[in-house]
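Q: Going line by line, the protein sequences match chains A and B. Going by this note's numbering, the residue at position 251 of the first sequence is 251; the numbering climbs one at a time, nothing skipped. Going by this note's numbering, the residue at position 286 of the second sequence is 286; the numbering climbs one at a time, nothing skipped.
Don't read these hints as lab results, they were simulated from the structure. Just so we're clear, the structure is a prediction, and the values are computed from it rather than from any experiment. Be aware that a few hints might be false.
Here are the in silico distance ranges between beta carbons for each label pair [what the hints assert, rightly or not]:
no., chain 1, residue 1, chain 2, residue 2, range
1, B, P249, A, D199, 51 to 59 Å
2, B, D153, A, D142, 53 to 61 Å
3, B, E316, A, G255, 45 to 53 Å
4, B, H348, A, E314, 54 to 62 Å
5, A, G127, B, E32, 47 to 55 Å
Dumping the calculated EDC-like pairs for lysine to aspartate or glutamate here, alpha-carbon to alpha-carbon at most 16 Å [what the hints assert, rightly or not]:
no., chain 1, residue 1, chain 2, residue 2
6, A, K405, A, E334
7, A, K388, A, E246
8, A, K405, A, E338
9, B, K301, B, E246
10, B, K232, A, E167
11, B, K405, B, E338
12, A, K232, B, E196
13, B, K405, B, E310
14, A, K268, B, E338
15, A, K405, A, E280
16, A, K232, B, D199
17, A, K232, A, E277
18, B, K268, A, E280
19, A, K301, A, D231
20, B, K388, B, E196
21, B, K232, B, E310
22, A, K43, A, D329
23, B, K232, A, D329
By construction, the Cβ of each residue, glycine as well, lies at the ideal position given by its N, Cα and C atoms.
Protein chains: 2
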Amino acid sequence: MALDPARTVAELWELQALTGDENGAQRVAWTETWEQAREFLRKAVADTGAVEEIDEAGNQWFTLRGGSERELLLGGHMDSVPNGGWLDGCLNVMAGVEVLRRIAAEGTPPLTVRLVSWADEEGARFGRSLFGSSAAAGSMRDQDELRARRDNDGIALPDALREHGVELDRALDARSQLANAAAYLELHIEQGPVLESMDLPLGVVLGTFGVERHQIRWRGQAAHAGSTPMDKRRDALAGAAKLALEIRPIAAEVGGGAVCTSGNVVCKPGIVTSVVETAEQLLDQRHLDADSLARLLASAKEASERFAAEEDVEVEWERIWNIEPILFDEALVELADESIREVCGTSHRLPSGPLHDAAEVARAGIPTVMLFVQSLRGLSHTKLEDTKPEHIELSVRALDLLATKTLERLSA
Amino acid sequence: MALDPARTVAELWELQALTGDENGAQRVAWTETWEQAREFLRKAVADTGAVEEIDEAGNQWFTLRGGSERELLLGGHMDSVPNGGWLDGCLNVMAGVEVLRRIAAEGTPPLTVRLVSWADEEGARFGRSLFGSSAAAGSMRDQDELRARRDNDGIALPDALREHGVELDRALDARSQLANAAAYLELHIEQGPVLESMDLPLGVVLGTFGVERHQIRWRGQAAHAGSTPMDKRRDALAGAAKLALEIRPIAAEVGGGAVCTSGNVVCKPGIVTSVVETAEQLLDQRHLDADSLARLLASAKEASERFAAEEDVEVEWERIWNIEPILFDEALVELADESIREVCGTSHRLPSGPLHDAAEVARAGIPTVMLFVQSLRGLSHTKLEDTKPEHIELSVRALDLLATKTLERLSA
């Protein structure tokens, strides 16, 4: 049985017809629709002879025993956001199914090959993403907090998980699943505009960005818009406006794909007749290199102090969240690059802005790499998310070739 | 009976004790507390022999018949915002009482002298300021809209006014009150920081600013903060930020006391992980000169088009409200300047940012001028509003001298 990438496209359409509606994909983790998607996966894998197991964190594994206990892992996630896209997460899994079929058809592989569908990558129902992969990676450290989380209907996370056979207190036991892992491969839609703008179907991912998120509070003085001369103002918005613009030259100077975003400014009193007294600004900065990320942050803080002095206002920074960059395995990046070039002529290396399950696996010390396939208009988390069928087929071929190359290298 | 400015300060304290509380002044128009303030005024004027009349718009008039039917008007307003200051509005009225006492004590004046307490200058209860003065000036053109207005308790404006003897449909009949007016004088606290910063107690007001108020909608493209390279962004906030800063050099270039304020920016989706798709910005521009105001607006629009092109976003302007500059009478400005110089040595000419009843009277074609007395820290519409008692006394003296000079000129 040869690899049949067109079958992957057909199966993804079928999955969407089964679990989506007119508003998009509805495969939200810990719901009946998600269970339907998992059942769909179970049936698709059945003819490969791979053995199914659901671990303590709800991750769904299919194991094709090979000549060695060492394992090649292929992974993705069947869950989606509500009103999501038809490819986000499940493309990876269904492409993995096709690769598993091809490998199974060729007889016993040199290494054990496993396909995993991670539980609750999106965190759509309880606001905690990467649930299953962080449990398996051993990086889940917020179980006390998770115990208190509730969905919009007031249902507690532990109760919802129990309905799907998962005991939160035992989730970290899923760590044993990675004990023999030698490599992890993940294919995902890009969810960004880079490959489309370069007119390339596929790219290899260097790693996931480190992120620094801050709330910045500017405090000036409310004053009447009519009776306060321009030179007597202490305008909090002026500080926020200067910083919203300054993060761009800062990103350009640091370079290396740095991105900085001011996603919101909230002004108070926020009325047409008053100078702004306080402006609360959100800032998100990302880089694949830890030192560069630190420079982005330091430069923005320095600029904000300068602007505060210029505007005679106060400025305060509060960290909301941060994560270090997670780099993928250099040797696997090379193999992925080769695979893409062989399948479609040209490859491109790019960082991933969003986090992925692959980042959790890489954090656990397992050699990891990801492939990105072009997203039309860079859209995701919407029913408008789309990728050309011919690009999906190329992505299945590239993943398959990468699996072959990885098995060769690991068994050499 | 000589002028006694200290009595004005004492009466203002008494009024505040009677009608204010620990949160500030509570003389909101069309309330029992406002009626108490009007009764307080009635008693204060009683010994002058001036005859009281409440007109069709609720304005309270006290007329001291003179040697001619031509009238010198002194005016202010007893109403305040909720939790307001002890001087805003009533300083003008109580200073007028003292001037009326002095004139009455000297016998029949050459012209008829009238003191008016305008009804509902603040518009605090129904959101419609300058109610009584716009009715008397004949510029009230929103009676249909006023009929539908309700206060926070759902009480309709016409019903509330009827409880205080005012029929909305007849309010414009108050126009007859200005038939014989030859001049109108008004003293007010500055409500801004200019006189305090110049260390001057008093200033003469050149007129009220013309105002242009707009909402500016910037529309870019929401995009993932992590996966969208800096050069592929269409950031609506960047347009708003550039304009918030550019209005300052524009104001400086137009000069002549121009003020421009961006009082609010509302970003959507307004989250830390997305480039801003839409930013709704408020802009308030003011100038005493109509051509300069037009230049402020044209320059800001031109700049916004430039920024929209630079940022590859769209920009749309919608006018919220505008009013032309209203200039006070040149001859009266001269007399006011003389009066201030004679009372305290130095005068200063300045525009008024906020509107005042005087602007309505001036719009009706009656020669008008205002005096400003220094506000501490420029604060108003708060219980923190304050003016030094010695400055209040100087303001009463200056208003009195201005009344004398105006009567002399009008009867010459």
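Q: Does each hint fit the structure? Answer for all of them.
A: Status of each hint after checking the structure:
no.: 1; hint: B:P249 - A:D199: 51 to 59 Å; result: violated (42 Å)
no.: 2; hint: B:D153 - A:D142: 53 to 61 Å; result: violated (48 Å)
no.: 3; hint: B:E316 - A:G255: 45 to 53 Å; result: violated (35 Å)
no.: 4; hint: B:H348 - A:E314: 54 to 62 Å; result: violated (32 Å)
no.: 5; hint: A:G127 - B:E32: 47 to 55 Å; result: holds (51 Å)
no.: 6; hint: A:K405 - A:E334; result: holds (10 Å)
no.: 7; hint: A:K388 - A:E246; result: violated (37 Å)
no.: 8; hint: A:K405 - A:E338; result: holds (9 Å)
no.: 9; hint: B:K301 - B:E246; result: holds (11 Å)
no.: 10; hint: B:K232 - A:E167; result: violated (44 Å)
no.: 11; hint: B:K405 - B:E338; result: holds (9 Å)
no.: 12; hint: A:K232 - B:E196; result: holds (12 Å)
no.: 13; hint: B:K405 - B:E310; result: violated (58 Å)
no.: 14; hint: A:K268 - B:E338; result: violated (42 Å)
no.: 15; hint: A:K405 - A:E280; result: violated (51 Å)
no.: 16; hint: A:K232 - B:D199; result: holds (15 Å)
no.: 17; hint: A:K232 - A:E277; result: holds (13 Å)
no.: 18; hint: B:K268 - A:E280; result: holds (14 Å)
no.: 19; hint: A:K301 - A:D231; result: violated (25 Å)
no.: 20; hint: B:K388 - B:E196; result: holds (11 Å)
no.: 21; hint: B:K232 - B:E310; result: holds (13 Å)
no.: 22; hint: A:K43 - A:D329; result: violated (33 Å)
no.: 23; hint: B:K232 - A:D329; result: violated (28 Å)
Violation of the numbered hints given earlier is confined to hints 1, 2, 3, 4, 7, 10, 13, 14, 15, 19, 22, 23; the remaining hints are satisfied by the structure.
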